[in-house]
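> As they're listed, the protein sequences go chains A, B and C.
All residue numbers for the first sequence refer to our numbering, where the first residue is 86 and numbers rise by one.
All residue numbers for the second sequence refer to our numbering, where the first residue is 1327 and numbers rise by one.
All residue numbers for the third sequence refer to our numbering, where the first residue is 168 and numbers rise by one.
These are calculated hints, taken from the structure and not from any lab test.
Since the model is a prediction, treat every value here as computed from it, not as a measurement.
Treat the hints with caution; some may be incorrect.
[Unchecked claim] Taking lysine-lysine and the DSS-like style, the derived pairs with C-alpha atoms no more than 27 Å apart in a straight line are:
hint : chain 1 : residue 1 : chain 2 : residue 2
1    : A       : 225       : B       : 1370
2    : A       : 450       : C       : 211
3    : C       : 353       : C       : 364
[Said to hold, decoys possible] Output of the computed footprint for chain B on chain A, the stretches with three or more beta carbons under 8 Å from beta carbons of chain B:
hint : region
4    : 416-427
5    : 440-449
Where a beta carbon is used, it is the ideal one built from N, C-alpha and C, also for glycine.
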Amino acid sequence: MKLRKLAAGSLVFCMVAGAMASSAFADEIVINYPTFQVGANTSAPAIAELVNRFNEEYAGQYRIEVEEVPGDENYADKITVQIASSETLPPVVYGAGQKLLDLALQADAVKDISEAVDADPDWAAMYTESWEEVNCRDGKKYASSMESEMIGYFYNKELFEQAGIDGPAATWDEFFEDLDKLKEAGITPLAMDTADGAWCTQLLVGAYLASTEEGMEFLKTKYPTDYNNEAMINAMAKAQELYQNYTTLDAVGGAYENAANNFFSGNVAIICNGPWMISDFSDESKTEAGFADKVGAAAYPDSFVYDAPIEGMFVTKQDDPALEEAAVAMVQFFTSNEAQAVALDLSGMVPASSAVEITDEILEKYPLLGEFLSQASACENRASTLTGNMVPGLEDIWDNELPNLASGASTPEDFCQVLTDFAAANPAQ
Amino acid sequence: MRKKEIPWIILFLLPTCAVFLLIFAVPLCMVIGGSFFNYRLMPKTFSFNGIGNYIQLFTQDKNFWLIFRNTLVWIVIHCVFHVALGTLLAFVLYKKPRGWKFVRVVYMIPNIISQSAIAMIFLNMYNPQYGVLNSILKAVGLEKLQHNWLFEMGTAFPAVTMTWFLFAGYTTTLVLAQCLSLDEGIIEAAKIDGASSLQIDRLVVFPLAKDMIRTTVIMAATYMLQLFSMIYLTSGGGPGSTTTNLPLYLYTTMKSTNYGYANTIGVVIIVVGMVTMFLINRVFHTREE
Amino acid sequence: MKRAKLSPGERAVRIFGYILMILAVIVALYPILWVILSSFKTNKEILSSGLSLPEHFSLDGYKQALEMAPIFQFFATSLMISVTATVLNVLFLSMSGYIFAKKRFRGKNILFWILSLSMVIPTTALLSPVFTVISKMGLYDTKAALIIVYIALSMPVSLMILRSTFSAIPDELEEAARMDGAGFLKNFFLVMIPCAKGGMASAAVLAFLESWNEFTFALILTSSVSTRTLPLSLSYFTAQFSFNYTALFAAITIAVIPSIVIFAFFQEQVNQSLVAGSVKG
């Protein structure tokens, strides 16, 4: 009882304090926006700038108040708890790579923004086929992307030269020959990992999957429940071979950080990762001066590149229609072509909208990005990532089974069976 | 019981009970109740399932018994050896040898540092490429014994165990405080009677510190029933399920949004906890007689 | 008093004691040394070596840590929340621990077992219900929310410790006080509490550390910078594909040093209270 009173007392205090704070701008609607794009996150400068611009443009009408939730997983955990408790979500949620849109949709918490999108021709034009896959459900537009996940790999030109390799391989046969050449020259070819979703490894596995028709179809499946197919088994068999012969000792058990460090240190010649990594190549706390000049960027063999809009921002249902309107305005602002140009300029974020021009200025500022984008644009095959399509929770199983695959304690068939068992028991749809 | 004390007794228990009701009672009911439902966030499902979750857990879940066994083994190791280590050090320190205050403070430090930092330290120490452990083995010519400690079937379990086993600061602190509060007169008297220091420890100090040792054993057991972040941050519970315990299994099940099943695991944890506490009390009780 | 010569057995015991102490110090110093050294290393050095000295000592990590995250503000909030939660926790649990240790009433054992359940409920299972309760009370994003939760999280351990502590106090003391005409409150505050100081200090230390290091509830229950606590600041330095370990370890060092000082201080308090207690007794 005592505690309840205490609680009630401080509640009154909070309400009074809140009322006093908001009375200064009586008509201004405040959007509380929790975001993980702060701190060490490479997008932090772009988001901060966009928040400022929005608050300037809508001064007196809307105002964004940023709530910093550092750490991608922390952000997803927090939103998930709010969904599980059926509490009102923040007005704008960024789905990112965390499957939050589907989760929120299941809770019937997402507002359909089709009307607002269709009223703005520029905005409506963004919704291409790949956008619809990511941001729409049942023909309704729910989310809007601000960034594209475009991923190839980086290689160390100096090490390639030492092994007598001219440039990135065009076919997978060539790619594996190059790995052998590197090995013969005494160079560890690949950066791989098993922890935190085995990011670098899963990119390689997915790209290899994409080289066959069956594999490509599988790669494009959202929330697959059956991993027992020939393409997947072959790809995992390849991964096993690579773990055993073509990577560093600490690949098994290592996370992205360890893989990246091996690349920064010149221990390995190749790492699969996206363009957000580029700024790190000239970060002297991570690598030696001049390292950036040694790095080349490439798309995957057989004309493949990861290319899909990242699940975008969505508006959640609120009691106050005016707040929903404000939230729609924010999503429109943050995913506009102008905003995506700003994000590209400040943080090197690859725009999700094809209408955003990659100017010469940008190419000069991020030469490696230009090199990569020109190769990517020539690619014929595109898909999103393998782990990005997994049912929730499967990534943990994937992490824990990879060391067994790597050591040979389990076969590729066993491995795929374990994934299938879990996915079939926990279908997301 | 004195009648006029009753209001005082109620008043003194009230804050504790209020906090319990507010924070623990609701979740407790939700865990137990939820375990009988098929409840997921994705795809959204909520339907009564009877004891279906329990049947699945006990009879169909391939990993459950391994995970259950891991949990029990860790509880036993922690309650027996870990507490013994901490108690032993407390019995050394209460005699106030030179430097005892320094040791008392320093030994607690690993329990003060955040778990994620400790996890990173062990990942670094066990790293197969440059980790201290493998470097030492190499330096003394035992390269054959080098392992990828946290990620090989054979070594993962002991390697994970070591991430908390040696850090018995809580036990030492508590038992030491209890030992120090003993009347020094009793010990002096025993010395004059010609008792050796081991005899004094065993016959005088231990019985008086026993209640606190029981407390630390129960704390150790419940610690092992709560612990998952250290495992999650080091081995992740793998390879396979080799280093998964019940709390970690609960956590990952919740991540797959299977809340009904997670609650079932929660009930198992609660039952294991209650049984363990009962047994610990029993062991200490029979020793008393 | 003349010191008796040590027998070989006694000597062995003493040597064993010193060996154990030395090992304990090594085991305990390794992590803190590693953390402090890492706060001066570059990211590359942290990820490529074990326990080694940094090539250059630089304070960049500390500078970056303070720039990237509002560490000092979080620090102040943490201190305020942890101290309040600890004081209330120890007060409440001393009260109930005393009752459970010294009083008899119907249903005592059942009540104790029910309260003990709090020890075995998995914290993960608490998250979403507690979030609901706190939101319904209108306490979301307040310091009060975290204080209540931290009182609760340390409740099981404090209850165990304080009940043991009060049980260990001889009943005769209470009897004597009653003979002198002391009432219930006077007896508790003037007779019992002074004798229980050691146990209370131990409970306080554990409760403080629990509150000081708690991460998940702080993340879930707060949203504004003014209610955030120190453990959350550590997440600023490791994003999914970007990391600054130097700053991370600098932040950990900043977070851990005060805890160590507070712990050392409390231990000294335990000492003094015990010495004072035995003089009285």
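> Now tell me, hint by hint, if it's right for this structure.
These are the hints, each one checked on the structure:
| no. | hint | verdict |
| --- | --- | --- |
| 1 | 225/A - 1370/B | 19 Å, holds |
| 2 | 450/A - 211/C | 25 Å, holds |
| 3 | 353/C - 364/C | 16 Å, holds |
| 4 | 416-427 | violated (count 0) |
| 5 | 440-449 | violated (count 0) |
Going through the hint list in order, the structure does not satisfy hints 4 and 5.
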